[in-house]
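A.B. asks: Residue numbers (our numbering): 34 to 329.
Quick caveat, the hints were computed from the structure, so don't treat them as lab data. There could be a bad hint or two in this list.
Mimicking DSS-like on lysine-lysine, the simulated pairs with C-alpha atoms at most 30 Å apart in a straight line are [what the hints assert, rightly or not]:
1. Lys41 x Lys134
2. Lys221 x Lys107
3. Lys210 x Lys125
Derived DEER-like restraints, expressed as beta-carbon distance ranges [stated by the list, open to error]:
4. Arg186 x Glu154: 24 to 30 Å
5. Ile185 x Glu231: 45 to 51 Å
6. Pro261 x Thr193: 18 to 24 Å
7. Gly93 x Glu160: 31 to 37 Å
8. Ala88 x His268: 22 to 28 Å
9. Ile185 x Ser243: 28 to 34 Å
10. Lys41 x Glu144: 18 to 24 Å
All C-beta atoms in this analysis are idealised placements derived from N, C-alpha and C, irrespective of residue type, glycine included.
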Amino acid sequence: MNGSYDYKEAATYLDSRIREAPLTDRQQKAMQLCDPPSYQVYATEGVDSYRLRDASNMDGTEALFRIRGILCQKYLPPIHDLKGCPPVAFMKQQVLLTTFKPGTEFQRYLEILPDFFNMFERLLPGEVTMPRVQAYGEHPALLFYNPYFSHIRATRNLKTLNLLSTIDPRGILAKNKPQHVHYTEDNKVAYMREQRDEGGVVRTMTTNPSRFQNGDVVEVVFSFVAFPTKNKSFHVALALRELVLLDDTFRMKSEIGLQKATMPVLPLKRDRVYGDTDEETESRKEIIRKAFWANF
Numbered sequence: 034m035n036g037s038y039d040y041k042e043a044a045t046y047l048d049s050r051i052r053e054a055p056l057t058d059r060q061q062k063a064m065q066l067c068d069p070p071s072y073q074v075y076a077t078e079g080v081d082s083y084r085l086r087d088a089s090n091m092d093g094t095e096a097l098f099r100i101r102g103i104l105c106q107k108y109l110p111p112i113h114d115l116k117g118c119p120p121v122a123f124m125k126q127q128v129l130l131t132t133f134k135p136g137t138e139f140q141r142y143l144e145i146l147p148d149f150f151n152m153f154e155r156l157l158p159g160e161v162t163m164p165r166v167q168a169y170g171e172h173p174a175l176l177f178y179n180p181y182f183s184h185i186r187a188t189r190n191l192k193t194l195n196l197l198s199t200i201d202p203r204g205i206l207a208k209n210k211p212q213h214v215h216y217t218e219d220n221k222v223a224y225m226r227e228q229r230d231e232g233g234v235v236r237t238m239t240t241n242p243s244r245f246q247n248g249d250v251v252e253v254v255f256s257f258v259a260f261p262t263k264n265k266s267f268h269v270a271l272a273l274r275e276l277v278l279l280d281d282t283f284r285m286k287s288e289i290g291l292q293k294a295t296m297p298v299l300p301l302k303r304d305r306v307y308g309d310t311d312e313e314t315e316s317r318k319e320i321i322r323k324a325f326w327a328n329f
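Let's have the full structure, built from the sequences with the hints guiding it.
C.D. replies: Set out below in structure tokens:
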């Protein structure tokens, strides 16, 4: 984001998108992160982790939640080289979301998240560390991520998948990954964008992850996942599942404004593609004739 970015208007627009009524009660519940007691912590079979499910759903389907914010930092595919990257086994798809006005709807996310974290702390057999609220300048922010690879031993029930060309177009990750990790369904992140058709109907369509830029208003679909760490302890993460582009107009306007601000103002000059005109040639000939006869 640059100096031309309209932080206030973007935050106001974000608030309106958080408050809007989703299509179903279930979507409303997921969007507002409400009613933590209606969820239960469960252990996943064949995948070393603990997650949340809706208490009314007994089949072990992982509960998904939605948070909307302004994208302020990102580390997303496609991966074209490994320069400056951490070891491949530890690389992540990650985004940082914030807002730029205090007391907004985004603040409610920060207030209710600890209630979900405490569910893991009460039930897991060991010390539990929670994700910290990050800072983007003076603004609170939330970090969501998903590793490109999982440890095979910890995900023994998950099938190994091939990386998509939108993620690893040159095969760099596939060639350089260690043998003890693999790419699975649990590592997949769906990248989507909203599009309004001629009839005004909003549809969600697949998009390339390279389209997301800082300053975009986005929606993150995530799940709570507690991973085992050293010394029989656990870390709760906000696991990135889907990233949806809601609006990029504020960012695009700021880029146009920056171009205008840095554009030089110069006097008009025009070069010629072809030689002199006939009029200029005759004028030059007349000057030469006068100079010639002046010598006699």
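A.B. asks: Could you say whether the range 22 to 28 Å given as a hint is met by the Cβ separation of Ala88 and His268?
C.D. replies: Once the Cβ atoms are compared, 24 Å apart, the range 22 to 28 Å for His268 and Ala88 holds.
A.B. asks: Mind checking the alpha carbons of Lys41 and Lys134 for me, to see if they're no more than 30 Å apart?
C.D. replies: Roughly 7 Å separates the two Cα atoms, so the pair holds.
A.B. asks: Hint says 18 to 24 Å; check whether the CB-CB distance for Pro261 and Thr193 agrees.
C.D. replies: holds, 21 Å
A.B. asks: Take a look at whether the Cβ-Cβ distance between Gly93 and Glu160 falls inside 31 to 37 Å.
C.D. replies: violated, 25 Å
A.B. asks: I want to verify a distance hint. Is the separation of the beta carbons of Arg186 and Glu154 within 24 to 30 Å?
C.D. replies: For Arg186 and Glu154 the Cβ distance comes to about 26 Å; the hint holds.
A.B. asks: Per the hint of 28 to 34 Å, is the separation of the Cβ atoms of Ile185 and Ser243 within bounds?
C.D. replies: 29 Å Cβ-Cβ, so the 28 to 34 Å window holds.
A.B. asks: The hint says 18 to 24 Å between Lys41 and Glu144; measuring C-beta to C-beta, is that right?
C.D. replies: The hint (18 to 24 Å, Cβ to Cβ) holds, given that Lys41 and Glu144 are roughly 22 Å apart.
A.B. asks: Is the hinted pair Lys210 and Lys125 satisfied, with a Cα-Cα distance of at most 30 Å?
C.D. replies: Holds, at roughly 13 Å.
A.B. asks: Honestly, do Ile185 and Glu231 meet the 45 to 51 Å range at C-beta?
C.D. replies: Holds: the Cβ-Cβ distance is about 48 Å, inside 45 to 51 Å.
A.B. asks: When you check the alpha-carbon spacing of Lys221 and Lys107, does it fall within 30 Å?
C.D. replies: Measuring from Cα to Cα gives roughly 16 Å; hence the hint holds.
Checked against the numbered hints above, the structure violates only hint 7.
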